[in-house]
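Residue numbers (our numbering), protein chains in the order written: chain F, 1 to 486; chain X, 1 to 185.
Hints may be right or wrong, so weigh each one.
Computed footprint of chain X on chain F, listed as stretches where at least three residues anywhere in the stretch have a Cβ under 8 Å from a Cβ of chain X [to be verified]:
id, region
1, 29-41
2, 105-116
3, 191-202
4, 359-373
5, 408-418
Partial selection, computed: residues in chain X whose CB lies under 8 Å from chain F [unchecked claim]:
id, residue
6, 8
7, 9
8, 48
9, 52
10, 68
11, 154
12, 159
13, 174
14, 178
Since the hints were derived computationally from the structure, they do not count as laboratory data. Here a beta-carbon is modelled for each residue, glycine too, at the ideal position from N, C-alpha and C.
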Amino acid sequence: MTTFDANGVTLERIREFVWELPQEGEMRSPARVLASEALLEQISDDKTLEQLRNATHLPGITNYAICMPDGHQGYGFPVGGVGAMDAENGCISPGAVGYDINCGVRMMTTNLTYSDVQGHEEELVDALFDNVPSGLGGGGIVESDVDTVEDVLARGVDWALEHGYAVEEDLLHCEDEGMREGADPSKVTQKAKDRGKNQLGSLGSGNHFLEVQRVTDVFDGEVGEAFGLEKDQIVVLIHCGSRGLGHQTCNDYLRKIEQQHRGLLNQLPDKELAAAPAGSQLAEDYYGAMNAAINFAWVNRQLIMHRTRQVFERVFDRSWEEMEMNLLYDVAHNIAKKETHEVGGEQRELYVHRKGATRAFPAGHPDVPSAYRDVGQPVIIPGSMGAGSYVLRGGEASMDLTFGSTAHGAGRLMSRTQAKQDYWGGDVQQELQDRQQIYVKAQSGATIAEEAPGVYKDVDEVVRVSDALGIGDKVARTFPVCNIKG
Amino acid sequence: MPFELREHTADIAVEARGESLERTVAAVADGLAAASCDEDEIPADAGERFDLSVVAESREALLFEYLDELIYLRDVRLELPVENRVRIQLEHSDAGDAANADAADATSTPDTDDATDAADVVGTAGTDETDDRWSLEGSARGVPLTEIDAREIKAVTYSEMRLEAVDGDPDSGTTAWEAYVVFDV
Numbered sequence: 001m002t003t004f005d006a007n008g009v010t011l012e013r014i015r016e017f018v019w020e021l022p023q024e025g026e027m028r029s030p031a032r033v034l035a036s037e038a039l040l041e042q043i044s045d046d047k048t049l050e051q052l053r054n055a056t057h058l059p060g061i062t063n064y065a066i067c068m069p070d071g072h073q074g075y076g077f078p079v080g081g082v083g084a085m086d087a088e089n090g091c092i093s094p095g096a097v098g099y100d101i102n103c104g105v106r107m108m109t110t111n112l113t114y115s116d117v118q119g120h121e122e123e124l125v126d127a128l129f130d131n132v133p134s135g136l137g138g139g140g141i142v143e144s145d146v147d148t149v150e151d152v153l154a155r156g157v158d159w160a161l162e163h164g165y166a167v168e169e170d171l172l173h174c175e176d177e178g179m180r181e182g183a184d185p186s187k188v189t190q191k192a193k194d195r196g197k198n199q200l201g202s203l204g205s206g207n208h209f210l211e212v213q214r215v216t217d218v219f220d221g222e223v224g225e226a227f228g229l230e231k232d233q234i235v236v237l238i239h240c241g242s243r244g245l246g247h248q249t250c251n252d253y254l255r256k257i258e259q260q261h262r263g264l265l266n267q268l269p270d271k272e273l274a275a276a277p278a279g280s281q282l283a284e285d286y287y288g289a290m291n292a293a294i295n296f297a298w299v300n301r302q303l304i305m306h307r308t309r310q311v312f313e314r315v316f317d318r319s320w321e322e323m324e325m326n327l328l329y330d331v332a333h334n335i336a337k338k339e340t341h342e343v344g345g346e347q348r349e350l351y352v353h354r355k356g357a358t359r360a361f362p363a364g365h366p367d368v369p370s371a372y373r374d375v376g377q378p379v380i381i382p383g384s385m386g387a388g389s390y391v392l393r394g395g396e397a398s399m400d401l402t403f404g405s406t407a408h409g410a411g412r413l414m415s416r417t418q419a420k421q422d423y424w425g426g427d428v429q430q431e432l433q434d435r436q437q438i439y440v441k442a443q444s445g446a447t448i449a450e451e452a453p454g455v456y457k458d459v460d461e462v463v464r465v466s467d468a469l470g471i472g473d474k475v476a477r478t479f480p481v482c483n484i485k486g
Numbered sequence: 001m002p003f004e005l006r007e008h009t010a011d012i013a014v015e016a017r018g019e020s021l022e023r024t025v026a027a028v029a030d031g032l033a034a035a036s037c038d039e040d041e042i043p044a045d046a047g048e049r050f051d052l053s054v055v056a057e058s059r060e061a062l063l064f065e066y067l068d069e070l071i072y073l074r075d076v077r078l079e080l081p082v083e084n085r086v087r088i089q090l091e092h093s094d095a096g097d098a099a100n101a102d103a104a105d106a107t108s109t110p111d112t113d114d115a116t117d118a119a120d121v122v123g124t125a126g127t128d129e130t131d132d133r134w135s136l137e138g139s140a141r142g143v144p145l146t147e148i149d150a151r152e153i154k155a156v157t158y159s160e161m162r163l164e165a166v167d168g169d170p171d172s173g174t175t176a177w178e179a180y181v182v183f184d185v
């Protein structure tokens, strides 16, 4: 049997791109890494494998803890991690969801082509940067009060529809139609609401961005047509999450778990894996709060999309309807959802945690919106600002291999401190413009350096593995035109 | 070193060391500010000082609550907290008044370089028991976010968190401390 050894961890090769860490010691299940050898070399460079092994200690973990091809070290649970815990006898873990609840990506299509935008790039990037709040303390698109936040938490994009920030069609192209059932605003603390109030409709900073892109390749014409994608078309990608409201919600519940479920916590190898036992009051409370934060994030991205439509209207002097600026889809990649999966021939209800992983349900699955049920759920894989992104569709093998999941991006390769030593923001910005005609604008040069294309893994390789495994099939590739970030 | 920023694949870590628990905790907070904005870009005289307080059941939980509170206050005050100062006290839920009195005496000169660490001299019962109550009174200068280009640190994490006495009894009051904290970016 072929094995791969790294940092005291030995993985066994099950088949091409599937590696297994056998169950031993206190592990409650084996773990699996889905990667090529090249990606595995990178994944094993930091503590990803150790964190993946730690994740198998969570109660009720079913089949395997799984690391996606873009996995890297996070905190507690690795980024790129999928863990399905039994919803009756297992647990729900805020640490396995992550701080930025419903951090995710949405793509909006247009009927503009690259030639329509050429010559307008600087005007467009400036207008987007001036009108879409980003960075720290930049406020939000909506000046909200406590009542507004409560309403957003309870109703999600339905709130945006009522207030003129969305149209019906937007809801039909969003998971759960933009409103998570079971959202309970009363379980979100006042502190979290206070933070969210100033930030509704804002990108934040770090790896979050808004990018105008052009479609460079359509690999699957039939699915591409169903998604409304064709070569040379302009699309817009928006990547952000639930802002301070989500971050605070995660920490509030980590602390509650620490105080109320210390016994379980003490069994876990990393405090950041803190979990509430399924069926406990705290598990119910966290699920209600997390679902509310999911709604907040959907509205956040919706508001940014609404503002982007307005910016395009001004720059291109026609209505957004005329430019057919329609939501293709919105995917979450930091989330836990109660889902029914087949396990050992039985239907079981599981809390499927996806932390830096994207749901990728195949064609025919009842939870795929009717607009895409015949072809499979759109999956958006953002790459770095110099490498392009992918649109996939949920693959047939995803239900068996990954609880209906695939990767969420390129995955970081280099630390932020190292990136700032290796790159200077101004140089990166100029090179992207001169060599690749990509116009970038950010609140600080340091952010550009930290997000330089060279700090990420090869997104092509990540997608190659996803496609080959049949968990997320390639549909189209896009390339940046303008990028704004915090 | 009061603190150093340490590498982490996706996020950022702060490692701090101080001659007392209080100075170490404050140094981590200064590290949080440095992770948000280059120190030489922070104007020396912008912003007013403000106070904050947190309580928790252990030293580590207190550090977590303190950093969480600083991030919360940053978002609601729209100010980056810098030049952090702290006083820490331990109150025993059972022992009550005696321990409180000890702690209060030991922190009679707050916010000065000569201040003695209350938490370090409370006595032999200074362990992280869950029925203990640790309290922190802190202050910071709030630099308006409009005056700096600051990067958002999303949250403090417990991942790999370390807060430990170096070469000595954590309750002795003469021990140096080290801390390591990973922040989500």
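Verification of the supplied hints:
For the region 29-41 of chain F, the stated coverage by chain X is violated: 0 residues have a C-beta nearer than 8 Å to a C-beta of that chain, whereas at least 3 were required. Chain X is given as covering the region 105-116 of chain F, and this is violated because 0 residues of the stretch bring a CB closer than 8 Å to a CB of that chain, at least three being needed. With 5 residues bearing a CB less than 8 Å from a CB of chain X, the region 191-202 of chain F meets the requirement of three and the coverage assertion stands. Here the region 359-373 of chain F counts 0 residues with a CB under 8 Å from a CB of chain X, which misses the bar of 3, and the coverage is violated.
Coverage of a stretch by a chain is defined here by at least three residues with a beta carbon nearer than 8 Å to that chain's beta carbons; for the region 408-418 of chain F and chain X the count is 7, and the condition holds. For residue 8 of chain X, the interface hint holds, the least distance from its beta-carbon to any beta-carbon of chain F being 6 Å, beneath 8 Å. Annotation: residue 9 of chain X was flagged as interfacial toward chain F, and the flag holds, the nearest CB pair being 4 Å apart, inside 8 Å. Contact between residue 48 of chain X and chain F, as hinted, is not supported at the beta carbon level, the nearest pair being about 16 Å apart and thus beyond 8 Å.
For residue 52 of chain X, the interface hint is violated, since its Cβ never comes within 8 Å of a Cβ in chain F; the closest pair sits about 13 Å apart. Using the Cβ-Cβ criterion of 8 Å, the hint placing residue 68 of chain X at the interface with chain F is satisfied: the shortest such distance is roughly 5 Å. Hint status for residue 154 of chain X: holds, given a least beta-carbon distance of 5 Å to chain F, under 8 Å. Taken as an interface hint, residue 159 of chain X checks out: its beta carbon lies about 3 Å from the nearest beta carbon of chain F, inside 8 Å.
Given hint, residue 174 of chain X at the interface with chain F, is violated; its Cβ is 29 Å from that chain's nearest Cβ, farther than 8 Å. About 18 Å separates the beta-carbon of residue 178 of chain X from the nearest beta-carbon of chain F, more than 8 Å, and the hint is not met.
Checked against the numbered hints above, the structure violates hints 1, 2, 4, 8, 9, 13, 14; every other hint is satisfied.
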